[in-house]
Amino acid sequence: AQSVSQHNHHVILSEAASLELGCNYSYGGTVNLFWYVQYPGQHLQLLLKYFSGDPLVKGIKGFEAEFIKSKFSFNLRKPSVQWSDTAEYFCAALWGSQGNLIFGKGTKLSVKP
Amino acid sequence: EAQVTQNPRYLITVTGKKLTVTCSQNMNHEYMSWYRQDPGLGLRQIYYSMNVEVTDKGDVPEGYKVSRKEKRNFPLILESPSPNQTSLYFCASSPGRVYEQYFGPGTRLTVT
Chain A
1 AQSVSQHNHH VILSEAASLE LGCNYSYGGT VNLFWYVQYP GQHLQLLLKY
51 FSGDPLVKGI KGFEAEFIKS KFSFNLRKPS VQWSDTAEYF CAALWGSQGN
101 LIFGKGTKLS VKP
Chain B
1 EAQVTQNPRY LITVTGKKLT VTCSQNMNHE YMSWYRQDPG LGLRQIYYSM
51 NVEVTDKGDV PEGYKVSRKE KRNFPLILES PSPNQTSLYF CASSPGRVYE
101 QYFGPGTRLT VT
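Residue numbers (my numbering), protein chains in the order written: chain A, 1 to 113; chain B, 1 to 112.
None of these hints come from the bench; they were simulated from the model. Heads up, a few of these hints could be off.
Said to hold, decoys possible - DSS-like mimics (lysine-lysine), calculated; alpha carbons at most 27 Å apart, straight line:
no. : chain 1 : residue 1 : chain 2 : residue 2
1   : B       : K18       : B       : K71
2   : A       : K105      : A       : K58
3   : A       : K69       : A       : K49
4   : A       : K112      : A       : K69
5   : A       : K49       : B       : K69
6   : A       : K105      : B       : K57
7   : B       : K57       : A       : K49
8   : B       : K57       : B       : K69
9   : B       : K71       : A       : K105
10  : A       : K71       : A       : K112
11  : A       : K49       : A       : K71
12  : A       : K49       : A       : K61
Claimed, not checked - To list a few chain B residues with every Cβ distance to chain A over 12 Å, as calculated:
no. : residue
13  : Q6
14  : I12
15  : S33
16  : Q37
17  : D38
18  : L41
19  : G42
20  : R44
21  : V52
22  : D56
23  : C91
24  : R97
25  : E100
26  : Q101
Stated by the list, open to error - DEER-style ranges, computed between Cβ atoms:
no. : chain 1 : residue 1 : chain 2 : residue 2 : range
27  : B       : V52       : A       : I68       : 35 to 41 Å
28  : A       : P40       : B       : V14       : 26 to 32 Å
29  : A       : S5        : B       : V52       : 33 to 39 Å
30  : B       : E53       : A       : S14       : 36 to 42 Å
31  : A       : P40       : B       : E100      : 32 to 38 Å
32  : A       : Q82       : B       : D56       : 38 to 44 Å
33  : A       : K112      : B       : E70       : 32 to 38 Å
34  : B       : P61       : A       : G29       : 37 to 43 Å
35  : A       : Q82       : B       : T20       : 38 to 44 Å
All C-beta atoms, glycine included, are put in the ideal place defined by N, C-alpha and C.
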């Protein structure tokens with residue numbers, strides 16, 4: 001079965017620190033990749049997505065992610081986090097022409113002011 | 001405003017009492033789905049619908065039913081809720097299967 005792994009359960013950073021959240025997906029051919037964010041008490045919102053083309057994808061709020069096919073990875077990055085980035089972040093993948101969107105278990109990010 | 005709405009937002013019920021959580025979208029999306037979110041497990045898909053009258057099981061369909069009689073609505077039905085269905089439920093819609101999904105605000109269900 002297809003799967004998505006997020007390495008960190010909870011990350012705690014100080015403001016202005018750099019962020020990298022890991023995401024690995026299982027092999028399964030063509031894959032579409034997403035990062036969603038869930039702010040406290042809110043619904044999920046799309047941060048960025050990768051379907052094809054440039055493997056470095058830029059999203060909203062200064063986030064970016066890099067698709068590395070050889071490593072089956074799609075890590076999320078931000079050069080300098082803010083307190084308002086405190087949220088839970090979910091990586092998700094969709095393989096081929098069938099099947100469902102599979103989410104990772106999420107990484108909770110806490111940013112200390 | 002383009003949105004996905006869910007009702008109710010909070011629900012406490014007892015084991016075995018049938019309930020329906022409604023989901024409606026105003027974006028004319030063809031694809032709709034239901035997820036449950038549990039701590040440490042992330043989001044898991046319950047059911048999805050590619051279009052009107054077309055529904056299919058996701059990863060955790062046991063104990064749930066859905067219907068898609070109209071494009072905009074996709075209710076989730078729990079015929080006989082059990083405590084292990086206590087969870088946070090999200091409805092989502094998108095123009096198609098491979099597109100970004102737009103999520104509703106969530107329904108927190110407690111079954112005692």
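Results for each hint:
no., hint, in the structure
1, K18(B) <-> K71(B), "24 Å, holds"
2, K105(A) <-> K58(A), "23 Å, holds"
3, K69(A) <-> K49(A), "15 Å, holds"
4, K112(A) <-> K69(A), "33 Å, violated"
5, K49(A) <-> K69(B), "31 Å, violated"
6, K105(A) <-> K57(B), "20 Å, holds"
7, K57(B) <-> K49(A), "25 Å, holds"
8, K57(B) <-> K69(B), "17 Å, holds"
9, K71(B) <-> K105(A), "30 Å, violated"
10, K71(A) <-> K112(A), "31 Å, violated"
11, K49(A) <-> K71(A), "18 Å, holds"
12, K49(A) <-> K61(A), "14 Å, holds"
13, Q6, "9 Å, violated"
14, I12, "18 Å, holds"
15, S33, "8 Å, violated"
16, Q37, "9 Å, violated"
17, D38, "10 Å, violated"
18, L41, "6 Å, violated"
19, G42, "4 Å, violated"
20, R44, "7 Å, violated"
21, V52, "19 Å, holds"
22, D56, "9 Å, violated"
23, C91, "9 Å, violated"
24, R97, "7 Å, violated"
25, E100, "5 Å, violated"
26, Q101, "7 Å, violated"
27, V52(B) <-> I68(A): 35 to 41 Å, "40 Å, holds"
28, P40(A) <-> V14(B): 26 to 32 Å, "29 Å, holds"
29, S5(A) <-> V52(B): 33 to 39 Å, "36 Å, holds"
30, E53(B) <-> S14(A): 36 to 42 Å, "53 Å, violated"
31, P40(A) <-> E100(B): 32 to 38 Å, "22 Å, violated"
32, Q82(A) <-> D56(B): 38 to 44 Å, "40 Å, holds"
33, K112(A) <-> E70(B): 32 to 38 Å, "47 Å, violated"
34, P61(B) <-> G29(A): 37 to 43 Å, "25 Å, violated"
35, Q82(A) <-> T20(B): 38 to 44 Å, "40 Å, holds"
When the structure is compared with the earlier hints, violations turn up for hints 4, 5, 9, 10, 13, 15, 16, 17, 18, 19, 20, 22, 23, 24, 25, 26, 30, 31, 33 and 34 and for no others.
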